[in-house]
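Visitor: So the chains spell out like this:
Protein chains: 2
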Amino acid sequence: MKLQNDLFLRTAKGEITERTPVWLMRQAGRILPEYRAVRKQAGDFITLAKTPEMAAEVTIQPVDILGVDAAIIFSDILVIPEAMGLPYEMVEKKGPLFPKVVQSKQDIDNLKIADPETDLGYVLEAIDIVKRELNGRVPLIGFAGAPFTILCYMVEGQGSKTFSKAKKMLYTQPALAHTLLQKITDSTISYLKAQINHGADLVQVFDSWAGILSPQQYKTFSLPYIKQICDAITETPVTVFAKGAYFARKDIGKLDCQVVGLDWNMDIRESRRMIKNKTLQGNLDPCVLYGSNRSIESHTKKMLKSFGSQYHIANLGHGVYPDTDPDKVKCFIETVKAYQHS
Amino acid sequence: MKLQNDLFLRTAKGEITERTPVWLMRQAGRILPEYRAVRKQAGDFITLAKTPEMAAEVTIQPVDILGVDAAIIFSDILVIPEAMGLPYEMVEKKGPLFPKVVQSKQDIDNLKIADPETDLGYVLEAIDIVKRELNGRVPLIGFAGAPFTILCYMVEGQGSKTFSKAKKMLYTQPALAHTLLQKITDSTISYLKAQINHGADLVQVFDSWAGILSPQQYKTFSLPYIKQICDAITETPVTVFAKGAYFARKDIGKLDCQVVGLDWNMDIRESRRMIKNKTLQGNLDPCVLYGSNRSIESHTKKMLKSFGSQYHIANLGHGVYPDTDPDKVKCFIETVKAYQHS
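Heads up: the sequence lines are chains A and B, in that order. Here the numbering used here is used: the first residue of the first sequence is 94, the next is one more, and so on. Here the numbering used here is used: the first residue of the second sequence is 94, the next is one more, and so on.
Looking at chain A on its own, in the form it has when it is part of the complex (with noise of 0.2 Å):
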């Protein structure tokens, strides 16, 4: 079906575009009450994210509501580890926690590679009545972690400042944390390819945890693992957003993917040195969105200017937090979208 607004995806395939489009990490969340609603009808996090209906709902209320250039399908990075047989719980305020964690060969021989169409049905199914509701609206962004933030959870058992337990696999049994990061590798390429025969336009890997690894680190087992995942993905372009891991920009310019996110810490002209022939997507501080519009507006049409007319997609550097103002976020995507470049 031909997209009515194709303005995302043009741009994340480096066409010249009319005007920079934009969305936000995390739109369809909890910023909005018409989400709010549906989660609390589902009662909680996980049951949403199983439920298609409700996840297809929760999808689209930004395209709706706040007039974003692109919808991204709502799940979670940890349904892999799930699929993998590493089942996981979301505690209220607390954040996700897994009662097993892996630890030994044996509990890596325990985990199989996930079977999308089995495993991860309801998410391909949501994408399913996201496509046909959305009916060529806008295009639809698929996701996954990065092999390295799911390694994370899967290892620490739980989100952690640090997490040291994890990174202390990477010291202690670098075969090991080799073979679980491959097996989440291969489940991950699975996933992503399904979400595309489904209908998602361009998929994004998202390597949350990246900035908590040394230059070296980050090398060895996180960017190999990416380069598996893009070099595997050919049918639609690649979005990685590596968060934190501003030193390890030229590499992730070298990838084959087309956009390259951008936390709010990167400068933006730094970045187009380091990361050269690709769309940069970001970078707003989320903060920003908590100030008056005036602030909004002017903060936003200095990242326009900054990033310039073309080669970048519009959006934060971060998820939107919970507490903004959806009024605020209007603000910003009512800028991005009546902002004439000089």
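Because the hints were derived from the structure by calculation, they are not lab data. Backbone N, C-alpha and C fix where the C-beta goes; we use that ideal spot for every residue, glycine too. Treat the hints with care, as some may be off.
Quick partial rundown of chain A residues pointing at chain B, CB under 10 Å, derived from the structure [claimed, not checked]:
id	residue
1	Glu363
2	Gly410
3	Gln433
Sample of chain A residues with no beta-carbon within 12 Å of chain B, all distances over it, derived [as the list claims (entries may be wrong)]:
id	residue
4	Glu182
5	Ile201
6	Asp202
7	Leu217
8	Asn228
9	Asn290
With chain A fixed as given, assemble chain B onto it according to the hints.
Guide: Only chain B this time, still in chain A's reference frame:
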């Protein structure tokens, strides 16, 4: 009193020295069973920090047990908010919690500029005891949090991954934030000067949450206050450690401080280029100490080689993690001490 081992201080001052000095952030802490014994006797962390004899005892332990080239006074950066009128609790496994937080001009007006001799006498008394008992064996490091990091806790009220409430103040009430930052800065300067009067041989400023700010916000809300501190402290060398603020290295290099701390994400050669004519401190990934002795030696030697034979104080890139084996810490320290630069 003349120091018997002043290697750390001479290196901090930029003198050519016979070998690289070494100490660890959080060396006086949970890694040592001897510390845990005193901590148990005290009952809780805050009592330990507020009992000068005990604080002095755990300050000296790593000098005796680990053989580090400097002691650092056992205390907490949050004694400053408390001295200003905002007390906190330390919640087991959760970290600091402030029952009251700063939200308004009135809240700031209610805070006082800390008077170190009356409000922080217990730290100064601990310094007196440490100096007497160290008897010139090694220098003593005093410290304080950077004003922005202290603001984070005073506004957020507890630890956070994003400190979005604290950052919200910067975007919505910048004048209020500056008033608070100035009051913290004034308190911090008095406090550091008092530490020096009581015998601290160098003071370190920890900007632990520097990395959550955008480069522009860092220039506006953190650097100017660290600059005030550096300009005010003329009695001893000053170390600035702004964790995560890789984007501010050039600006930090221009401060009137003698030592700059690096975290493990920061490339050593690049940092040398950005920070000229200063001693650098750091920057081994704390997780390296989970590895085998052989691996620790190899990573440590690689780091030493990269920093070169001068203007370097060996340390980790962050505080040593509490579950680190003291024997592994010794391996790190001994590797530094034995290293011959070729």
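Visitor: Against the structure shown, which of the earlier numbered hints fail to hold, in ascending order?
Guide: 3
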